[in-house]
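*Asks:* If you want the building blocks of each chain, they are given just below.
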Amino acid sequence: MTFPGARSTTSPPALDIDGVSKYYGHFPALRDIRIKVAAGSTVALLGRNGAGKTTLLKIIAGLSKPSQGSVRIGGQEVREQATRARIGVLGHGISVYDELSALENLTIFAKLYSLPEPERRALEWLERTGLDRVRDGLVREFSRGMRQRLAVARAFIHEPEVLLMDEPFTALDDRAIAVLQDLLADAHASGRTIIMSTHQLREALELATDVVLIQRGQIAHAGPRTQEMVDDTGWLYRTYGED
Amino acid sequence: MTPFLRATITIAAKDLRSEFRTKEAFNASLSFSVVILVLFSFAFDPTSEQMQSISGGLLWLVFSFASALSLNRSFARELQNDCLDALVCAPVPVAAIFLGKALANYLLLICVEITALAVFALFYDTHFSQQLGPILLVIALGTWGMTVIGTTFSALTVNLRMREVMLPTLVYPLLVPALMAAMTLTTDLMNGMPLGGDNLLWLRVLTGFDFIYTLLAMVFIDIVVVG
Chain A
3 MTFPGARSTT SPPALDIDGV SKYYGHFPAL RDIRIKVAAG STVALLGRNG AGKTTLLKII
63 AGLSKPSQGS VRIGGQEVRE QATRARIGVL GHGISVYDEL SALENLTIFA KLYSLPEPER
123 RALEWLERTG LDRVRDGLVR EFSRGMRQRL AVARAFIHEP EVLLMDEPFT ALDDRAIAVL
183 QDLLADAHAS GRTIIMSTHQ LREALELATD VVLIQRGQIA HAGPRTQEMV DDTGWLYRTY
243 GED
Chain B
697 MTPFLRATIT IAAKDLRSEF RTKEAFNASL SFSVVILVLF SFAFDPTSEQ MQSISGGLLW
757 LVFSFASALS LNRSFARELQ NDCLDALVCA PVPVAAIFLG KALANYLLLI CVEITALAVF
817 ALFYDTHFSQ QLGPILLVIA LGTWGMTVIG TTFSALTVNL RMREVMLPTL VYPLLVPALM
877 AAMTLTTDLM NGMPLGGDNL LWLRVLTGFD FIYTLLAMVF IDIVVVG
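Respectively, the protein sequence lines represent chains A and B. With the working numbering applied, the first sequence corresponds to residues 3 to 245, in that order. With the working numbering applied, the second sequence corresponds to residues 697 to 923, in that order.
If you're looking for bench data, these hints aren't it; they were derived computationally from the structure. The reader is advised that the hints may include incorrect statements.
Unchecked claim - Calculated pairs, EDC-like style, for lysine to aspartate or glutamate (alpha carbon to alpha carbon, straight line, at most 20 Å):
| hint | chain 1 | residue 1 | chain 2 | residue 2 |
| --- | --- | --- | --- | --- |
| 1 | B | 719 | A | 163 |
| 2 | A | 60 | B | 918 |
| 3 | A | 60 | A | 163 |
Claimed, not checked - Each pair of labels, with its calculated beta carbon distance range:
| hint | chain 1 | residue 1 | chain 2 | residue 2 | range |
| --- | --- | --- | --- | --- | --- |
| 4 | A | 20 | B | 698 | 31 to 41 Å |
| 5 | B | 855 | A | 79 | 18 to 28 Å |
| 6 | B | 698 | A | 129 | 50 to 60 Å |
| 7 | A | 184 | B | 904 | 52 to 62 Å |
| 8 | A | 30 | B | 811 | 50 to 60 Å |
| 9 | B | 716 | A | 145 | 17 to 27 Å |
| 10 | B | 719 | A | 177 | 31 to 41 Å |
Please read all numbers here as calculations on a predicted model, not as lab measurements. For glycine and all other residues, C-beta sits at the position ideal for the given N, C-alpha and C.
Please work from the sequences and hints to get the whole structure.
*Replies:* So this is what it looks like as structure tokens:
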């Protein structure tokens, strides 16, 4: 499936998933996934539990290798170092260290991404996510919402061109949802590409420009988000017989 | 500073800082080493000739078991909150992550071993101060070998439920050449023999082991971690 924006440009798509299949033993978790996503798109990856959304996101992030097919980001292989610098991943886990402080956590990732003045960058993001007052507090002492906001800061700190998010709104408190929605709106406005899997249809469809529905490891629907989907969030699942 | 070196130092500093906060691996390794050495000193006559001849073996058995306690935690601590995913997604070679972790493990183990050596000197009536330099060299080389193999297998077994059992089961057979070399050299040095002559071969074995396994680990660690 090629989203409309991708056809209108001669530069490589922000994300090109070409014939990706993934097998666990003989079980096909993903079958022949083909998607091209234009830069600046926000794609909502929908599907029931076990449909293959997380597997697909892990392959896009380079955390798992496909059994067949390839993934290219901006025309480059996903495991290339330069490509990884362009990706931000917010997975199921918060991916920060409990025994380190918020500032130490973000500074480590800023250093790993070779950002100039890593500590200053970390402080900026702590401020943006409302964690500057607890910058020296250990993460293990944080509330769940604070931990989630720190995870968001960690994923955004290098201002990636492509954001991959697996269930980003799950288990967030109201403040963290607000922070994330603001950051996603900013990211979309500045032309970044966002791929997010989610069960929270309303939040996702408000942000999405395109929708991909995965059923049993295959694409059941891919196309632009329509007003009909936003007005009636159950429409997709009913249309494709998953309700 | 190259990006590789910067990433290595960042990971090593991160692991050391985490360990100094929790002291989980350090306390376990250190207390194990001290308790075993003290118990052995009560079980055997530490001044006997027989004791002198097995001193190297005893020390390295203690070091290797203590290292298993510490190395098990190396990649396992990255499972908490899925931190390993964030590290693998970062634009740094997996080899740099590995080397950073290995360096942190190495420094921790060296601290444990130097403390254990002091306890050994106290309880076993051995006189190795003349040979302290060469003994520390052997400890440095032997520990690096254990660290490289242990850190590699810590990555390999990180997702296994039985990793605490699997790590030593996989690591010790591979460590046999390095442990034999380190034990022989340490025993010789403890008995007043200088480094060189007959035991030079063992020093070469130990150095070659470190070099080969470090190289292999650096080449294959990406496959081990990412698949």
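*Asks:* Out of the numbered hints, which ones does the structure contradict?
*Replies:* 1 and 6
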